[in-house]
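Enquirer: Chain residues, written in single-letter form:
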Amino acid sequence: MGVVFRKELLDTSRDRRTWFGMVIMPLLLVPLLLLAMPTVMERQTEKVRETTARVAVVGAEHHPELVAQLGQNPALTLVESSDPEADLAARKVHAIVYLPEGLRQAVANEVPAEIRIAFDASDQLSSSAQQRVHAALAAYSSELVAGRLAARGLDPTILHPFHWTVENLAPPQRMIGFALGLIMPMMLAMWATLGGLYAAIDAAAGEKERGTLEPLLSAPPSRLTLVLGKYLAVVLTSVIASAISLLGMVLAFLVRPDALLGPGHTGTARLGEVLPPTVVGVIFLVALGLAGVFSALQLAVSLYARSFKEAQTYLSPLSFVVVFPAIFTQFMTPDQVPAWFFFVPILNSLMVFKEVLMGLVNPEHILITLGVSLVGVRVALGFAVASFQREHVLFRV
Amino acid sequence: MIKVSSLVKHFGTLRAVDGVSFTAEPGEVFGLLGENGAGKTTTLRMLSTVLRPTSGTASVNGHDLVTAPEEVRRQIGVVSSEPGVYDRLTPREHLYYFGELHDLPRPEIARRAEELFGLLGMQDIADRRAGHLSRGMKQKVALARALITDPPVLLMDEPTAGLDVTSARVVEEFIIQARATGKTVIFSSHIMSQVEKLCNRVAVIHRGRIVALGTVAELKSRSMQERFEDVFVRLVGEGS
Numbered sequence: 138m139g140v141v142f143r144k145e146l147l148d149t150s151r152d153r154r155t156w157f158g159m160v161i162m163p164l165l166l167v168p169l170l171l172l173a174m175p176t177v178m179e180r181q182t183e184k185v186r187e188t189t190a191r192v193a194v195v196g197a198e199h200h201p202e203l204v205a206q207l208g209q210n211p212a213l214t215l216v217e218s219s220d221p222e223a224d225l226a227a228r229k230v231h232a233i234v235y236l237p238e239g240l241r242q243a244v245a246n247e248v249p250a251e252i253r254i255a256f257d258a259s260d261q262l263s264s265s266a267q268q269r270v271h272a273a274l275a276a277y278s279s280e281l282v283a284g285r286l287a288a289r290g291l292d293p294t295i296l297h298p299f300h301w302t303v304e305n306l307a308p309p310q311r312m313i314g315f316a317l318g319l320i321m322p323m324m325l326a327m328w329a330t331l332g333g334l335y336a337a338i339d340a341a342a343g344e345k346e347r348g349t350l351e352p353l354l355s356a357p358p359s360r361l362t363l364v365l366g367k368y369l370a371v372v373l374t375s376v377i378a379s380a381i382s383l384l385g386m387v388l389a390f391l392v393r394p395d396a397l398l399g400p401g402h403t404g405t406a407r408l409g410e411v412l413p414p415t416v417v418g419v420i421f422l423v424a425l426g427l428a429g430v431f432s433a434l435q436l437a438v439s440l441y442a443r444s445f446k447e448a449q450t451y452l453s454p455l456s457f458v459v460v461f462p463a464i465f466t467q468f469m470t471p472d473q474v475p476a477w478f479f480f481v482p483i484l485n486s487l488m489v490f491k492e493v494l495m496g497l498v499n500p501e502h503i504l505i506t507l508g509v510s511l512v513g514v515r516v517a518l519g520f521a522v523a524s525f526q527r528e529h530v531l532f533r534v
Numbered sequence: 296m297i298k299v300s301s302l303v304k305h306f307g308t309l310r311a312v313d314g315v316s317f318t319a320e321p322g323e324v325f326g327l328l329g330e331n332g333a334g335k336t337t338t339l340r341m342l343s344t345v346l347r348p349t350s351g352t353a354s355v356n357g358h359d360l361v362t363a364p365e366e367v368r369r370q371i372g373v374v375s376s377e378p379g380v381y382d383r384l385t386p387r388e389h390l391y392y393f394g395e396l397h398d399l400p401r402p403e404i405a406r407r408a409e410e411l412f413g414l415l416g417m418q419d420i421a422d423r424r425a426g427h428l429s430r431g432m433k434q435k436v437a438l439a440r441a442l443i444t445d446p447p448v449l450l451m452d453e454p455t456a457g458l459d460v461t462s463a464r465v466v467e468e469f470i471i472q473a474r475a476t477g478k479t480v481i482f483s484s485h486i487m488s489q490v491e492k493l494c495n496r497v498a499v500i501h502r503g504r505i506v507a508l509g510t511v512a513e514l515k516s517r518s519m520q521e522r523f524e525d526v527f528v529r530l531v532g533e534g535s
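These protein sequences, in sequence, are chains A and B. Our numbering numbers the first residue of the first sequence as 138 and each following residue consecutively. Our numbering numbers the first residue of the second sequence as 296 and each following residue consecutively.
Everything labelled a hint here was simulated from the structure, so no lab data went into it. All C-beta atoms in this analysis are idealised placements derived from N, C-alpha and C, irrespective of residue type, glycine included. Among the hints, erroneous ones may be present.
Stated by the list, open to error - Residues from chain A that face chain B, not an exhaustive set, calculated with beta carbons under 8 Å: (1) Asp148; (2) Pro211; (3) Ala212; (4) Ala356; (5) Glu528; (6) Val530.
What the hints assert, rightly or not - Beta-carbon label-pair distances, calculated as ranges: (7) B/Gly332 <-> A/Phe465: 35 to 43 Å; (8) B/Asn495 <-> A/Val512: 35 to 43 Å; (9) B/Asp359 <-> A/Leu147: 31 to 39 Å; (10) A/Gln473 <-> B/Thr362: 55 to 63 Å.
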């Protein structure tokens, strides 16, 4: 078994596709998602914030004071437009304010009036302009209300019985755990299940395609020995891919720890607090369980295929098996999920990854997840071994 | 020595091999001659234990195919029409891999590898990845791989298919040499001249059955034909 295992590793280590899937992708994608995406989003928000919103007012003559007030707002620039709706579609104007006829009189008579704001929700700048106009109108409205109250001898503060401040008491490591819990479970699960995909395809369908399967089957080791040697090599490849995605996460943390803290947080956290040895150990075991099940399945399916390409066609949809549950559980917190989650393969691993990254080590959840994986390994490996015994699978034409 | 007795292999309703019997002695090249689909490859695959016979028995150096397949595999070296090499491994690594699969100690593999590289003129390519080699060179890798354990029995299924004249000659010379060193060689082909040149005895196989068995000279005299090709055509025509 050791001979087959070593040969498969040597062969795999010389395959560029494996390097790309096992090392380069997890090493780059994780820091990219953890660092670059928030940075890009931050920049985009900043860009929107810095851009002055161009606003066209229709019916300005119905309340010149209000228009003047809007014109003084530094976040808004009032523009003339003969066809505001066409200009909005052409993104020359970010928002349109329609002032109804008799607005000034209605305000003076303290009769409620309706002002319409039009914008283009598919344009980020337009959405921002709408919010700014809304805020400016709300501020002007408050001013009017304050004036009316004062005219009646009332203190405007009676409108605000409370004032409040907001404080985030979550320690930095929990904030980081929360940020990691959104992205990392999918990354870890994806590479634990798919990191060895090319190795599995190469070890079975690849043997068929190259014509190496027959000489191999004519060698003394039993088919069980051959399958186990190949299987262990695929499992190791998957676990390494998963470990490299974890390394990518560590690199992202070391480069910019503050990026993971979220906006407005000023705390600091050490790597050892975010990723203590227990957490690394649990991640390793759960990833190993996932790799154990999927490597066997991939080997069996790959052996059924006639060629590398056919195996790829059969196995590519496997990524959805991980991605869908990962998206489904992305915003769930571990304490909200029902207990049966931990009996469902993949779902359970994703939730345990999330739990431990958030600093919650629940032995019961971990043991159930590992137990389910063990049963999965037994079934999937049995399937792979049986496939290697079937002549119509080995010599399918 | 190989003893085959009433070997049968069914694939669903197809009787690919239908009661084949023969013996092949050490120091003999035994030819399996037949058209494509006649049952040559299936017979060889059963002898290499890759396929399990539906019925019948066969033994290789006294080891039964079904009850002692692992022992059978220790006796044989297999070469087929497809070189079947790992593109990312070098010829030397191929020999180490297959040597170790046969539990050969590494120093022994190293010694045998050098010997085979010399014999097959492969010294220059021994450490080059197989993916960069020509088909003829790849077939030499397959030959060396089959010989790394110096097996007493060689099963060769159209080993010169797709090779140029020079490479095919290397394979032929190699078979002659194997015979001289006392190996039992089963050699399947549909090339008459090759069979005539290399085989001590020939079994003409058609639709899974042996329709004639003997030396080339015997088969010629039996069917009163001078050219072996005519002998074959006649036999196959009678068998259908």
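Enquirer: Against this structure, judge whether each hint is valid.
Expert: We went through each hint and held it up to the structure:
1. Asp148: For A/Asp148, the interface hint holds, since the closest Cβ of chain B sits about 5 Å away, which is under 8 Å.
2. Pro211: With a minimum Cβ separation of about 65 Å from chain B (threshold 8 Å), the hint on A/Pro211 is violated.
3. Ala212: violated, 61 Å
4. Ala356: holds, 4 Å
5. Glu528: holds, 6 Å
6. Val530: violated, 13 Å
7. B/Gly332 <-> A/Phe465: 35 to 43 Å: violated, 52 Å
8. B/Asn495 <-> A/Val512: 35 to 43 Å: violated, 57 Å
9. B/Asp359 <-> A/Leu147: 31 to 39 Å: For A/Leu147 against B/Asp359, whose Cβ atoms are near 35 Å apart, the range 31 to 39 Å holds.
10. A/Gln473 <-> B/Thr362: 55 to 63 Å: holds, 60 Å
Checked against the numbered hints above, the structure violates hints 2, 3, 6, 7 and 8; every other hint is satisfied.
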